[in-house]
Amino acid sequence: MQARDLYSFYGKSPVIQGVSFDLAPGEFLAVLGRNGVGKTTLLKSIMGLTDRCDGGLAFGGQDILGLSTPQRSRLGIAYIPQGREIIPQFTVRENILMGTFARPDGKREIPDYLFEMFPILNEFITRRGGDLSGGQQQQLAIARALAMDPKILILDEPTEGIQPNIVKQIEDAIVRLNRERGLGIILVEQNVPFARSASDRFLVLDKGRVALSGKSQELSDDVVEKHLTF
Amino acid sequence: MDVISNQLFAGLSMASILLMIALGLAIIYGAMGVINLAHGEFVMLGAYTTWALQTYAGIGILLALPIVFIVVAAVGWIIEKVVVQNLYHRPLDTILATWGIGIILQQAVRLGIGAESRFVKGPELLSGNTQIGPLIMSNYRIFLIFFSVAVLYGTWLLMTRTEFGMKLRAIIQNRGISECYGIEAKRIYSLTFAYGAGLAGIAGALITPLFSTIPTMGTGLVVDAFLVVIVGGLGSLIGAASAAVLIGEATALFSIVINDTLGRIAVLAGIIVLIRFRPRGLFPTETRR
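From first to last, the protein sequence lines are chains A and B.
Numbering of the first sequence is given in this note's numbering, commencing with residue 1 and proceeding in unit increments.
Numbering of the second sequence is given in this note's numbering, commencing with residue 1 and proceeding in unit increments.
Source of the hints: derived by calculation from the structure; they are not laboratory data.
Since this is a predicted model, take the numbers as computed values, not measurements.
There could be a bad hint or two in this list.
With a Cα cut of at most 27 Å, we get these calculated DSSO-like pairs of lysine-lysine [claimed, not checked]: (1) A:K107 - B:K186; (2) A:K151 - A:K107; (3) A:K226 - A:K207; (4) A:K151 - A:K215; (5) A:K12 - A:K207; (6) A:K151 - B:K186; (7) B:K186 - A:K12; (8) A:K151 - A:K168; (9) A:K215 - A:K168.
All chains, full assembly: derive it from the sequences and hints.
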């Protein structure tokens, strides 16, 4: 995925201003920054959920700014939004099945490895999504995204507001998906130690612009001090 | 006693017509929050399509049903694409727009076909009556009741057991995330609107033997259908069904006790009282906007 001088607008105000980055297939990018600097908006722009975008955004060599949100998803971009946004009235099975609607081959199978990764989902398969705990809902949201057999996974603060014992499970799952299944990952994260250990590259946003970017091992405590503490 | 049972039957057959009209309204409102004031005109178009098929092609009502469904659904689909789709973020304007479309359709039929009443023959197969004790039931009206139950069941299956229904339910609950998982909300909306219009068309076809086919025939019917939707609870299928029976029967029974006009007033007064105590209808659904 490539972004070139990307601008993204809500109404007339540009929230993302000239962001560029490159992400090779299977690479792991962490997007960092304080609250309100446009991290979520950057992810929404990739999915085409903001009012308007300018500049360049390509996926797999194809320009995607002109594509609709469903078209983008069918290219293999899976988005797991902040707050999870599973469908509360749907059962766990229906929620996962919904992920398969984005498969370009039209298959409607739920891959078995999802249940190995998150056994709780198999146990609760007939419950309503809305009855699950926050952590279980987050696992469900990841399973839904994986059901579409994506090439890249976009996660917006997947461990925010989740009980600590599940946070570790989710972090491990994200790392495994990247290392073992070769999934590209864009992760917005507040937890800097996890972002540093898991990701290949990082991007620090400030006021809608890239303040700093580089390889994750270069993410020193000085950088954290300067750009990420309040 | 005879009078009452016969009126109950008449009320039930009226309820089945109301149900088919109200289903379309309820689905369109439930899915996209659009109050479709052109719905009565879809009923009218269904009736005129049936008349045209019978008069010019010799096709009877029963065989005409699938054709009528497709024709009126196509009209609904075009209207959704051209007008309604551009107004989803302005719900109040859709009321005005669909009202305008209704007037245009009505006047177009008046100019093109004429204002005089058209006659459509009922199906031979269903002529005659069935008598059980003192209760005399026309076979056609019995058919109407069963047919509307089948339509209700079919709609329920469509909404709960098909991929289309699942996509629609996903969009109703969260349009943004549904689009992120490959669901083309615009396409689903168009098809849903077309389906609702098609149901109205079928209702229009089926009432041709019972009502006079005139350009304004839909207006009165759609008022009753709106009452059904409001009493039943917006967007609820089971609510629409029970409210249709309730209103059909109440109208029929009041008209024995008092006369038709006063019966109508009594039904409306009853609905006002009901709405006072259950403002969201008998079966309110939680996940609507």
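Now for the hints, and whether the structure bears them out:
For the given pair, K107 of chain A sits about 22 Å from K186 of chain B by alpha-carbon distance, which is consistent with the 27 Å threshold. For a cut-off of 27 Å, the pair hint linking K151 of chain A to K107 of chain A stands: about 16 Å separates their Cα positions. At most 27 Å may separate the alpha-carbon atoms for a hinted pair to count; K226 of chain A and K207 of chain A meet this at roughly 14 Å. Only pairs whose Cα atoms come within 27 Å are accepted, and K151 of chain A paired with K215 of chain A is accepted, the gap being roughly 22 Å.
Our distance criterion of 27 Å between C-alpha atoms is met by K12 of chain A and K207 of chain A, whose separation comes to about 16 Å. For the hint linking K151 of chain A to K186 of chain B, the alpha-carbon distance of about 25 Å falls within 27 Å, and the restraint holds. Pair hint K186 of chain B plus K12 of chain A holds up; C-alpha atoms about 25 Å apart against a cutoff of 27 Å. This hinted pair checks out: K151 of chain A and K168 of chain A have alpha carbons roughly 23 Å apart, not beyond 27 Å.
Taking the CA atoms of K215 of chain A and K168 of chain A, the gap is about 23 Å. The hint holds against a cut of 27 Å.
Violation of the numbered hints given earlier is absent; every hint is satisfied by the structure.
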